[in-house]
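Kindly produce the complete structure, drawing on both the sequences and the hints.
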Amino acid sequence: MKRKVAIIGGGQTYHASRRHDVNQGEMVNEAVRAALDDAQMTMDDVDAVLLGNMEFFEGCHMTDCWLADATGAYGKPGLKITTGGTVGATEVVAGAHHVASGLFDRVLVIGFEKQEEGDSSAILSGVAHPLYGRSLAGAAVGYFAMMGASYMQAYGAREEHSAMVAVKARQNARKNPYAHLKLDITIQDVLASKMLAYPIRLMDMCPTSNGACAMILADEKTAKDRCKKPVWFRAAETAHNEQFELTWRDVTTTKPIFSRVCADKLYKKLGVENPAAFFDVFEIYEPATWAELVWYEDLGLCKRGEGFRLIEEGKTEINGAIPVNPSGGVLSTNAIGATAMLRVWEAALQIRGDAGEHQVPKDVNWALTTAYGGTNWTVMTALSKEWED
Amino acid sequence: MEQELINIPMVVDMPYRFAAGCYLARFLTELRDNGKFFGIKCPNCGRVQMPPRIVCAACHVKNGEWVEISHEGTLMGFSIVHLPLTDPTTGQPHKTPYTYGIVRLDGADSFIEHFIEVEPDIAKVWVGMRVRAVLRPREQRTGDLNDIQHFAPIGEA
Numbered sequence: 013m014k015r016k017v018a019i020i021g022g023g024q025t026y027h028a029s030r031r032h033d034v035n036q037g038e039m040v041n042e043a044v045r046a047a048l049d050d051a052q053m054t055m056d057d058v059d060a061v062l063l064g065n066m067e068f069f070e071g072c073h074m075t076d077c078w079l080a081d082a083t084g085a086y087g088k089p090g091l092k093i094t095t096g097g098t099v100g101a102t103e104v105v106a107g108a109h110h111v112a113s114g115l116f117d118r119v120l121v122i123g124f125e126k127q128e129e130g131d132s133s134a135i136l137s138g139v140a141h142p143l144y145g146r147s148l149a150g151a152a153v154g155y156f157a158m159m160g161a162s163y164m165q166a167y168g169a170r171e172e173h174s175a176m177v178a179v180k181a182r183q184n185a186r187k188n189p190y191a192h193l194k195l196d197i198t199i200q201d202v203l204a205s206k207m208l209a210y211p212i213r214l215m216d217m218c219p220t221s222n223g224a225c226a227m228i229l230a231d232e233k234t235a236k237d238r239c240k241k242p243v244w245f246r247a248a249e250t251a252h253n254e255q256f257e258l259t260w261r262d263v264t265t266t267k268p269i270f271s272r273v274c275a276d277k278l279y280k281k282l283g284v285e286n287p288a289a290f291f292d293v294f295e296i297y298e299p300a301t302w303a304e305l306v307w308y309e310d311l312g313l314c315k316r317g318e319g320f321r322l323i324e325e326g327k328t329e330i331n332g333a334i335p336v337n338p339s340g341g342v343l344s345t346n347a348i349g350a351t352a353m354l355r356v357w358e359a360a361l362q363i364r365g366d367a368g369e370h371q372v373p374k375d376v377n378w379a380l381t382t383a384y385g386g387t388n389w390t391v392m393t394a395l396s397k398e399w400e401d
Numbered sequence: 081m082e083q084e085l086i087n088i089p090m091v092v093d094m095p096y097r098f099a100a101g102c103y104l105a106r107f108l109t110e111l112r113d114n115g116k117f118f119g120i121k122c123p124n125c126g127r128v129q130m131p132p133r134i135v136c137a138a139c140h141v142k143n144g145e146w147v148e149i150s151h152e153g154t155l156m157g158f159s160i161v162h163l164p165l166t167d168p169t170t171g172q173p174h175k176t177p178y179t180y181g182i183v184r185l186d187g188a189d190s191f192i193e194h195f196i197e198v199e200p201d202i203a204k205v206w207v208g209m210r211v212r213a214v215l216r217p218r219e220q221r222t223g224d225l226n227d228i229q230h231f232a233p234i235g236e237a
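Taken in order, these protein sequences are the chains called S and U. Take any residue in the first sequence, note its place counting from 1, add 12, and you have its number in the numbering used here. Take any residue in the second sequence, note its place counting from 1, add 80, and you have its number in the numbering used here.
No wet-lab data here; the hints were simulated from the structure. Computed from a prediction, not measured in an experiment: that's the story for all the values here. Mixed in with the good hints there might be a few duds.
[Unchecked claim] No more than 30 Å apart at the CA atoms, straight line, and that leaves these computed lysine-lysine pairs for BS3-like:
hint: 1; chain 1: U; residue 1: 175; chain 2: S; residue 2: 206
hint: 2; chain 1: S; residue 1: 267; chain 2: U; residue 2: 142
hint: 3; chain 1: S; residue 1: 281; chain 2: S; residue 2: 14
hint: 4; chain 1: S; residue 1: 236; chain 2: S; residue 2: 16
hint: 5; chain 1: S; residue 1: 277; chain 2: U; residue 2: 175
hint: 6; chain 1: U; residue 1: 116; chain 2: S; residue 2: 267
hint: 7; chain 1: U; residue 1: 121; chain 2: S; residue 2: 267
hint: 8; chain 1: U; residue 1: 204; chain 2: S; residue 2: 206
hint: 9; chain 1: S; residue 1: 277; chain 2: U; residue 2: 142
hint: 10; chain 1: U; residue 1: 204; chain 2: S; residue 2: 267
Structural data, given as structure tokens:
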């Protein structure tokens with residue numbers, strides 16, 4: 013990157029399945045104000061505004077225009093980004109590129125979703141090809157169910173293992189005041205929840221949330237002058253799967269699928285050989301429990317086929333050796349346009365030591381985040397506390 | 081006094097006309113008229129991709145040779161769906177429970193996703209199961225992936 017980039021502030025709304033008390037602009041404004049307060053800035057200090065959400069999830073297009081007042085974008089340069097579930101992370105990366113290029117010094121990035129206003133499943137079915145598979149489309153649950161069935165058969169994992177992921181997420185969420193599903197549940201509760209698509213039960217899936225997240229990215233001078241705890245944006249990578257190629261649902265595939273390609277590229281950039289030791293915390297995009305176990309493997313935190321051992325041994329708990337999603341993750345909160353940005357923001361909070369009750373009990377110098385979206389692509393970021401390591 | 085909150089229910093109904101393009105159109109007309117599956121082979125890496133498409137994404141080259149694909153293949157993943165998901169093309173919910181999966185047809189590198197005609201019982205379906213495409217009768221085929229009725233196990237399940 014041409015210039016160093018830091019996260020100098022951020023904020024989020026609380027997340028819930030009902031936010032009838034606010035409209036989209038009022039909800040987004042909650043996150044924007046929180047981010048400005050955190051950075052001790054006003055809108056006058058912001059050079060450009062990037063906004064993102066899922067196309068048409070709220071039943072209206074061009075949310076960047078609709079919300080120009082509430083986002084603070086009025087009279088400023090900026091743009092709207094939509095890349096599916098990855099959008100929040102794409103915005104962080106785009107914001108970082110705008111700062112790194114020297115074009116702007118302070119960029120506000122915002123991701124939001126007010127799912128209650130639209131029909132997410134109906135819009136998602138529009139992602140599927142009209143003549144090639146749309147009649148089977150309708151929800152992400154089926155895809156992750158196939159991944160889970162494939163995982164169980166290949167490696168001998170059981171439903172109890174995915175249930176452990178579900179419990180970890182919701183117990184962590186209880187420590188996060190902004191999380192949606194703060195559930196005091198046990199493995200038995202998960203296994204007793206309704207079967208949606210074998211082997212995925214209700215508690216194996218993420219909720220439908222409303223909420224927003226905003227972050228402020230800045231150049232090195234601004235960061236050092238104005239921010240006590242800047243978090244450095246060290247690297248990012250994006251990788252796609254091929255359209256129509258469904259190989260990723262077979263967990264034994266040896267093909268270069270998006271998640272593995274992206275991790276490889278990011279690790280090469282940073283010279284990471286042992287990611288489980290290099291990074292102190294992970295915030296990953298797990299729409300379903302089984303996806304988390306597969307992420308462990310695709311990120312190289314363990315050998316292939318051993319992801320379920322990590323959860324079994326408690327290694328990815330908040331106080332484990334490899335903490336994954338101390339925030340409660342996507343399984344606890346999924347306001348889609350905000351979700352991938354929340355991964356980055358929660359990772360930044362961990363590095364600052366400001367995560368409160370869900371702060372991992374160790375020094376956090378490096379964090380890794382992932383995103384998940386579209387017809388399978390990911391955006392990963394790496395953050396650090398210090399620039400000189 | 082509590083503020084009254086207004087929420088207005090609305091429906092967006094949007095007609096549109098989808099162009100399949102020359103590659104997919106040829107695939108769908110072969111399926112509809114002749115009951116055949118075709119893939120397309122990358123001149124560089126040799127992968128046979130189905131449905132056929134203009135570019136091999138991995139090699140960034142134009143795909144060339146059309147290759148006929150078998151009606152038989154191997155189940156590579158499956159789920160038994162209990163949630164009454166709506167079929168977006170009809171607006172009606174699928175009858176649950178049903179099994180669907182991904183199949184690699186012999187001769188293709190791609191997977192195809194479809195209904196699997198087995199009892200919705202995890203003892204009756206597994207990764208590696210051999211299956212065969214069952215097409216709708218010619219007069220019912222319209223040039224859509226639904227011209228395949230489902231995949232059925234080959235021989236004794």
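Tested hints:
1. Restraint check for residue 175 of chain U and residue 206 of chain S: the C-alpha separation of about 17 Å stays at or below 30 Å, so the hint holds.
2. About 21 Å separates the Cα atoms of residue 267 of chain S and residue 142 of chain U, which keeps this hinted pair within 30 Å; it holds.
3. With a C-alpha separation of about 15 Å, the suggested pairing of residue 281 of chain S with residue 14 of chain S holds against the 30 Å cut-off.
4. For the given pair, residue 236 of chain S sits about 11 Å from residue 16 of chain S by alpha-carbon distance, which is consistent with the 30 Å threshold.
5. With a C-alpha separation of about 44 Å, the suggested pairing of residue 277 of chain S with residue 175 of chain U is violated against the 30 Å cut-off.
6. Under the criterion of a C-alpha separation no larger than 30 Å, the hint pairing residue 116 of chain U with residue 267 of chain S is consistent with the structure, at around 27 Å.
7. The suggested pairing of residue 121 of chain U with residue 267 of chain S holds, with an alpha-carbon distance near 17 Å, which does not exceed 30 Å.
8. Between residue 204 of chain U and residue 206 of chain S, the direct Cα distance comes to roughly 21 Å. Compliance with the 30 Å bound is thereby established for this hinted pair.
9. Simply put, residue 277 of chain S and residue 142 of chain U have alpha-carbon atoms about 26 Å apart, close enough for the 30 Å limit, and the pair holds.
10. At most 30 Å may separate the alpha-carbon atoms for a hinted pair to count; residue 204 of chain U and residue 267 of chain S meet this at roughly 28 Å.
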